[in-house]
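J.: In order, the protein sequence lines correspond to chains B and H. For the first sequence, full-length UniProt numbering begins at 1 and goes up steadily by one. For the second sequence, full-length UniProt numbering begins at 1 and goes up steadily by one.
Hints should not be assumed to be uniformly reliable.
To be verified - Okay, the calculated bits of chain H under chain B, using three or more residues with CB under 8 Å as the criterion:
#, region
1, 135-142
2, 172-183
3, 213-224
None of these hints come from the bench; they were simulated from the model. Note that the Cβ used here is the ideal one computed from N, Cα and C, for glycine as well.
Single-letter residue listing:
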Amino acid sequence: YLPHWNWNCLTTDSQSEKSAVWIMALSRLSSRSNIISRPLSAAFRRSISTDTTPITIETSLPFTAHLCDPPSRSVESSTQELLSFFRTMALMRRMEIAADSLYKAKLIRGFCHLYDGQEAVAIGMEAAITKKDAIITAYRDHCIFLGRGGSLYEVFAELMGRQDGCSRGKGGSMHFYKKDSSFYGGHGIVGAQVPLGCGIAFAQKYSKEEAVTFAMYGDGAANQGQLFEALNISALWDLPSILVCENNHYGMGTAEWRAAKSPSYYKRGDYVPGLKVDGMDAFAVKQACKFAKEHALKNGPIILEMDTYRYHGHSMSDPGSTYRTRDEISGVRQERDPIERIKKLVLSHDLATEKELKDMEKEIRKEVDDAIAKAKDCPMPEPSELFTNVYVKGFGTESFGADRKEVKAALP
Amino acid sequence: MAARIHGGAGAGAATALSTFNPKKLVAPSRTNLPARSSKRCIVAAAGSDASKSLRVGHSQKLIANAAVATKAETSATTGTGHELLLFEALQEGLEEEMDRDPHVCVMGEDVGHYGGSYKVTKGLADKFGDLRVLDTPICENAFTGMGIGAAMTGLRPVIEGMNMGFLLLAFNQISNNCGMLHYTSGGQFTIPVVIRGPGGVGRQLGAEHSQRLESYFQSIPGIQMVACSTPYNAKGLMKAAIRSENPVILFEHVLLYNLKEKIPDEEYICNLEEAEMVRPGEHITILTYSRMRYHVMQAAKTLVNKGYDPEVIDIRSLKPFDLYTIGNSVKKTHRDVPTPYAGTLEEWTVVQPAQIVTAVEQLCQ
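If we strip away everything but chain B, and leave its shape as in the complex, we get:
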C-alpha cells in the first residue's frame, strides 16, 4: 500500500505505467475529498471521517399524520451523529445480546425484556431532545436508560442485582431510573406509567420549565383505559406530554390485530393529533420527536406511533416463535434492521470503511464484556438494605419476616 503522493514521481514507461495506474487506482480508492495530504505514518490506518459538513438524509418512508401536518422527510444530520448513532445502537444491541446470555447462565433472574430491534426509537428520541425533557417507559427500559446516560456497568450490576446497580440492586430489570437525566423508569405494570408521565408533564408545566415528557408504552398497553384518561386530562390542561406507542405488533403473544379493533394507534387520540413513524429508521424517529416536542410545547399532547419490531420474544421466558414465524423475524432483520440501515448510510457517505465499523463493533464487544466482568465482581446488597428506602425517614418501628423471629429490623 503505497502512499498516494508517490505516484507523481513515477516514470511513464509501460511497466511503470501499469504500476502507476495501479497506484492511481489505489489512491483514488483511498482518497476522500475531505482528506488532505497525510503524513506517512497515518497512512497505515485511515481514521474515520471527522467532517463537520451537515448531511441531509431522507427518511425511508413518509410520515402519516392525523390532525396535523407531517414534518418533512429530509433530516439534517452530521457525520458525527451518524457515527454516534451506529456506535450507540451497536452498543445497545450487544448489551441486549449479552443480557440474553447472562439470563441463560442464570445470573439474571426474574423478568428480562430485551429491546434489540427497537434501538432506533431510543436513539432517535435522544438525538431530538435534551436531558431536561423527561422520558418514562415500561419494562423494556435497558436501552433507554443507556441512551439517557446510564453506564453499562450500572446496567449489568442492576440486572444481576448488585449494589452498584442504578437502583442499588433493589429494582431489577424492570426498574431502571436515572433522576439526574430525567429518566423516570422502568415500570412493571402495563400502562401505569402513562398517567405518571402525564403527571410529570403537569409538573413541568407547573414549574414553567420549557420541557416535555415522552411517555412510552407498547401496542398492548395502548388498550389500557388509564391511557385515555390521562390523554383526556393532558389535552384538557394543555400539558406538554408526548405519548409514544412503540408498536412492535405483539402484546406478548397477542398480535395487534387480535387485541385492537383499530390498530392505528396514532389515530386513537381522536382529538389529539398523531403521527405514524417508521420506528426502524433512527432519522425518522429523530425528526418526529423534534416535531412532537415543538408541538407539545405550544399545543399540548400529541401521539407518536413508532412502527418497530423486536427480535427476541416478549421476555426471556418467551421464545418468541410460537405466535410468529421465524421467516417473519428474519425478514424484518434483513430488510429493516436499524443498525444495518445506519451502516449502509455510513458506507455510502464514505464516512468509514467496513473494516472500521467491524473494529468498532469489536471494541464494543470488549467494552460490554469488561462491564459484565466488573459487574460480576460487585457485591450483593447488604441484608440491612432490605429495609432501607421503604420510607424516606424511618420511625423506629419494626419490620419483621413471617415468623417474627428470623428477620427483625428497626426501620431506620
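Model the placement of chain H on the given structure of chain B, informed by the hints.
T.: Structure of chain H alone, referenced to chain B:
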C-alpha cells in the same frame, strides 16, 4: 413485655393478654406526654396530669410537635383559639400549607370551582388559581397516577378521592407506584403525595359508598396512613402529611366533618406517627380511631360509672402503629380492647357503646 400489635390483628393481642391477672395495677407515674421540642409550633396544654416525659428522644427525631392529650369533650388551647368545624380545620391546614409552599397543589373531582364535595377545598380555587387547585375529570386511576408522577419531580400534590371507595380504582397506582417507587428506585425518587378522602359509614349512603379501606392499604409497604378524628388533629395531621416526604393516606370520616372544636390560632402540626391519649386510665386500654373514638368515649362514661377506669387511646397513625404509646399503655393495663375499626376490617359493624361496655366487662372478669 410489649404488645405485638400489628395491622389488622389487634384482636389477637387482646386474647393473648386476657390471661393476665386483672387485679394487678401498675404504679401511677405514667409517661404519656411527649416533650415539646420543636421550633415553631405551639404547645397545647394537657388535659390531665402531665408527668415527666419519656418520649424526649423519640420525638426529637420526628418532624414536629406532639399531640395534645385531652379528653374529647374539652378543648385544649393556651389562650384564645377559634372554633371551627372539622372540614374547616382541614381547609385551614390545606390553605396554610399552600401559602407556605408553592409546590403544594390539590387535585380531585370538584375540588376547584365547586369547592369540594365536602367543602374542604372551598375558596382555594379562587385564591390559588386553576393550576394549583385542579378539577379533574372522573378518572381516579389517571389522576392519582398523575399526582404520583408530579410528586416524582418534586411537586407535593394533595389528591382527593371524593369517597375512599373510589380510590379502589386507583389502587394499582397507590400500591405499585406510590408505595414502591422510593424502594425500587434505590431512593432516587421520593413521593411526597397526600391522598385523602372521606370514608366510612355515613347515613344510608349504601354499601359502595361506605367502605373503609384501611385494611386494604395496610398491606402496601412504603405508605403511611393516618386517620383524623377531631378538628385539632385534622388540621395538624393535614399539615404534617403535606410536609412529609413519604406518601401519606389521610382517612377522614364522613360523619365527623361537622364536629366543632376550638383550635389554637397559632400554627401547629400533629405528629404523624403518634397516637393520642384521649383518656388515661388504669384498668384497660381501648384502642380506637376516627369515628369510633366518640362511641368509645360514650362507653367510657358508662364504664366509669360502673367502676372501671379505661384508658382510651386514639391511635391516629394506622401505619406505622405507634407501638410506643400503645405498648406502654398495654403494659400498664395488661388488657386491651380494640374496637372493630382498629382490628380487622373485612366486615364492618358499627359498634355501639353498649357493646363496648359489655366487651370491657367480659375482659375484666
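J.: Is the coverage entry for the region 135-142 of chain H by chain B consistent with the three-residue Cβ rule at 8 Å?
T.: With 5 residues close enough to chain B, the hint holds.
J.: Can you tell me if the region 172-183 of chain H counts as covered by chain B, using C-beta to C-beta distances under 8 Å and a minimum of three residues?
T.: Result for this restraint: holds, n = 7.
J.: With a cut-off of 8 Å between beta carbons, are at least three residues of the region 213-224 of chain H near chain B?
T.: holds (count 3)
This entry satisfies every hint, going by the numbered hints stated previously.
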